[in-house]
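A.B. asks: In order, the protein sequence lines correspond to chains U and F. Under numbering that gives the first Met the number 0, the first residue of the first sequence is numbered 0, with each subsequent residue one higher. Under numbering that gives the first Met the number 0, the first residue of the second sequence is numbered 0, with each subsequent residue one higher.
It should be emphasised that the hints constitute simulated quantities derived from the structure, not laboratory data. The model shown is predicted, which means the values in this text are computed figures rather than measured ones. Warning: the hint list may mix true and false statements.
[To be verified] Covered, in the sense of this in silico footprint (three residues per stretch, anywhere, with C-beta under 8 Å from a C-beta of chain F), are these stretches of chain U:
(1) 74 to 85
(2) 105 to 111
(3) 132 to 146
[To be verified] Negatives, chain U to chain F, calculated, CB over 12 Å:
(4) Ala20
(5) Arg67
(6) Gln68
Glycine included, every Cβ here is placed at the ideal spot set by N, Cα and C.
So you can see what is in the structure, the chains are spelled out below.
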Amino acid sequence: MTTAPPQLTRDPHGRLQLTAADGSVHEGVVPVRAFPIAAPTEGIALVGEDGHELAWIDRLDVLPEATRQLVEDELASREFVPEIRRLRQVSTFAIPSTWEVETDRGETRFVLKGEEDIRRLGAATLLIGDSHGVQYLIRDLFSLDKTSRRLLDRFM
Amino acid sequence: MTRTRHSLPSPFANAPDVWQAELAPLLARDEQVVATLETDLDVHLAFSPGQVVLTDRRLLARSPGDEDWAVWPLRPGLSLQHHDHAGVGTLELHDAISRLACWRFTLAHNVAALRLHDRFAEHLAARLTGQPVEPLDEAACPTCKAPLPPDQEECPICSRELHEAPSTWTLFRLWRFARPYRNQLLAGFLLTLASTGATLVPPYLTMPLMDKVLIPYQEGHPIDTGVVALLLLGLLASALLAWSLGWARTYILALVSERIGADLRTTTYEHLLQLSLEYFGGKRTGDLMTRIGSETDRICVFLSLHLLDFFTDVLMIGMTALILFSINPALALVTLLPLPFIAWMIHLVRDRLRTGFEKIDRVWSEVTNVLADTIPGIRVVKAFAQEKREAQRFREANRHNLAVNDRINKTWSLFSPSVTLLTEIGLLVVWAFGIWQVAHDQITVGVLTAFLAYISRFYSRLDSMSRIVSVTQKAAAGAKRIFDILDHVSSVPEPTKPQHLDKVQGRIEIRDAAFRYGNRGVIRGVNLAIQPGEMIGLVGHSGSGKSTLVNLICRFYDVTEGAIHVDGIDIRSLPVADYRRHIGLVLQEPFLFFGTIAENIAYGKPDASRAEIVAAARAAHAHEFILRLPQGYDSLVGERGQGLSGGERQRISIARALLIDPRILILDEATSSVDTETEKEIQKALDNLVRGRTTLAIAHRLSTLRRADRLVVMDRGQIVEVGNHDDLMAREGHYYRLYQAQARNVDTDLDEQLAASAEAKPPLKNAP
Chain U
0 MTTAPPQLTR
10 DPHGRLQLTA
20 ADGSVHEGVV
30 PVRAFPIAAP
40 TEGIALVGED
50 GHELAWIDRL
60 DVLPEATRQL
70 VEDELASREF
80 VPEIRRLRQV
90 STFAIPSTWE
100 VETDRGETRF
110 VLKGEEDIRR
120 LGAATLLIGD
130 SHGVQYLIRD
140 LFSLDKTSRR
150 LLDRFM
Chain F
0 MTRTRHSLPS
10 PFANAPDVWQ
20 AELAPLLARD
30 EQVVATLETD
40 LDVHLAFSPG
50 QVVLTDRRLL
60 ARSPGDEDWA
70 VWPLRPGLSL
80 QHHDHAGVGT
90 LELHDAISRL
100 ACWRFTLAHN
110 VAALRLHDRF
120 AEHLAARLTG
130 QPVEPLDEAA
140 CPTCKAPLPP
150 DQEECPICSR
160 ELHEAPSTWT
170 LFRLWRFARP
180 YRNQLLAGFL
190 LTLASTGATL
200 VPPYLTMPLM
210 DKVLIPYQEG
220 HPIDTGVVAL
230 LLLGLLASAL
240 LAWSLGWART
250 YILALVSERI
260 GADLRTTTYE
270 HLLQLSLEYF
280 GGKRTGDLMT
290 RIGSETDRIC
300 VFLSLHLLDF
310 FTDVLMIGMT
320 ALILFSINPA
330 LALVTLLPLP
340 FIAWMIHLVR
350 DRLRTGFEKI
360 DRVWSEVTNV
370 LADTIPGIRV
380 VKAFAQEKRE
390 AQRFREANRH
400 NLAVNDRINK
410 TWSLFSPSVT
420 LLTEIGLLVV
430 WAFGIWQVAH
440 DQITVGVLTA
450 FLAYISRFYS
460 RLDSMSRIVS
470 VTQKAAAGAK
480 RIFDILDHVS
490 SVPEPTKPQH
500 LDKVQGRIEI
510 RDAAFRYGNR
520 GVIRGVNLAI
530 QPGEMIGLVG
540 HSGSGKSTLV
550 NLICRFYDVT
560 EGAIHVDGID
570 IRSLPVADYR
580 RHIGLVLQEP
590 FLFFGTIAEN
600 IAYGKPDASR
610 AEIVAAARAA
620 HAHEFILRLP
630 QGYDSLVGER
640 GQGLSGGERQ
650 RISIARALLI
660 DPRILILDEA
670 TSSVDTETEK
680 EIQKALDNLV
690 RGRTTLAIAH
700 RLSTLRRADR
710 LVVMDRGQIV
720 EVGNHDDLMA
730 REGHYYRLYQ
740 AQARNVDTDL
750 DEQLAASAEA
760 KPPLKNAP
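Chain U with its partners taken away, still in its complex shape:
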């Protein structure tokens, strides 16, 4: 794919516009991380409205400032993986269980449908899927406070 930095702009409809190397203009371009958890800042594809890849960005940090900002803003508005900071309460240790949690995006509650929805990614990272398909991240299991860890431990 392209190696030159992609020409991105934002139109009044809030959508990204990509001007390709051949001069063609694509509306509604969406950036997609290839490795959202393992390597969030590497490998970002710009995908057109029809789902075809238009450009590939190897690394975010080598982009010009303005373009990078556009890409990051767009990513931020699309990515929704709240990071759990604290488990306040769980309704029960059996499943389904309603969890009340504090996340980096505020407080919320969700229903855990099964223990298999808690997935381990590496030694200390957990990804928890709720009944509506939202993924919650626990980046470092060991940095949680004791109560949260004790609650979590019952499900693992």
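Start from chain U and add chain F according to the hints.
C.D. replies: The following block gives chain F in isolation, referenced to the frame of chain U:
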């Protein structure tokens, strides 16, 4: 699409009560609220509540964190766009020039959002044309569009989602399985009572033996042989009685518990088979196998051995205490002193052990999972020479298992010796107090001896009783995992008031169907009506939702939104097994069970006659190759049909579908995995199968769909084109491009062709 609206006596009929006070001052006198949406995210995707309200003339919204409502009157050029990605839904308000507003919410609110989105379009159109929005009398469920029963707010089909947790008194729930055996259990209980009583006689007899025989002898009296013989005979008799009663008790209760275990196992398995494919998709084989296999066994051992022992122990302790008090209350009190301490210790350790054992179970499943993953995939493992890595994975799982076990053993190992220590101390106290009492002539030596004999039993029972904690916790953990399966309500549940379809014509109607797998929307907004006997070819790139659509029609999954009707009846109101009896399914990878070919053909109709089987095989063009096999129809085939080629297996599965004579036929890439020559054979077989049935066929190779009445082209979860081959070619759209791509490759090898269509698949299925 079914549009619904109630006649609205109040402007707030469609708004939650709590909003009324806030909305009231904002609305004009005759303004009607038609839809509301509560959002739970702000634009930066932080959790924060907001509201969007649609009235018959305006759109009002209060963004998260704002006090004031923003207002947009409905006017030409406005449009509301809805899309969702990764569990977040978005509504955007646009006019011709720019985006005016944007609201975000989690998918819990998606239904409300979609309703608001639809109503917006209706009311905007109504305002522009001056035509009033057509209200429909029939109330329909907003999620599944099924008609609601009168006077009912909640849809009986949708409200089945269950989010309550099962009760934690899991072991008591085993009573459901013990009930049929309550007479035997009662007999066992009475026998336990009697045999425990019998074991308590010997220490009692030591009292006269000491006081009336041995001590008088020491003091110079001769031994009375008659009394001694009587006492010894009593000892022997009680021992024999205890032995025979104990044998009868153990036998009866072991029989019962084995039966309870078997019932538990079969019930769990039967329930498991009822669950939808969605459940199996989310679980791992090894885990399910452990639950049904070893954990029911553990519960059974618990019931037959440990629970029984525990029960005997409790009885023994109770009876002993009674006897001790009747002999000498003061000494009895001292004897029983350590009991509360031990009870306290047991309580203390219980919680830690229970969670620990649950953990061990889960880790154990992990170990099994590694095996269940690797063994079926052994060819891949060996082909890529990854034996070492798989061994390492297993070692890792075992290491984890060890670590968890080590942790719990730390607690556990401390527990037993502590109980023993308390026991020893208890004995010491009894000795000291007893000697003091003997010295003060309050009791005889015989009484002290009897006490010591009793409490050495007593404490040894207490020691074994303390073990019950761990086994109970283990069994409870096992029971919980069993009940996790039993409590799981199938996501394709049986209807509460089933309707029956005796004769199916085969008219299928798909209304506004959407399906979501996890947070990924797989298909959406699909509308399709299929006439009886019509053959539909489903075409599209892989990942375009063809197989999902077919799975929904088979009711392997239920639609997330919308409905599927067969002969005018929602398939969710038909009993699942009844409904599937009318469906014949031929898959890309035919699965043959272990058994003879005849059994495999008759899988869907086990009582089929031999003539029927042969007729089906003939029609499926399988008859001749079956006859070439050494044992003909009685040849054994394995789980993956060893010894048969792909085409042969496929024709057996076609015969299987033919035999049940279904009105609806589904061919999911039935000819994809075979070469062109075999394909022709299979095609002939399929032509027999398709005749007169409503057929949905999925095929990569468009040439195989030449007999289809209509072709339905799908792209990224939606139907993009419908029509026959010539129409679609003339339209020069999706189908034309697919066809051209294949025509170019017509001379090339099949593999290349498949690779080409795989490459053309969109990298992102859910781009907005």
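A.B. asks: Output the numbers, in ascending order, of every earlier hint that fails for this structure.
C.D. replies: none
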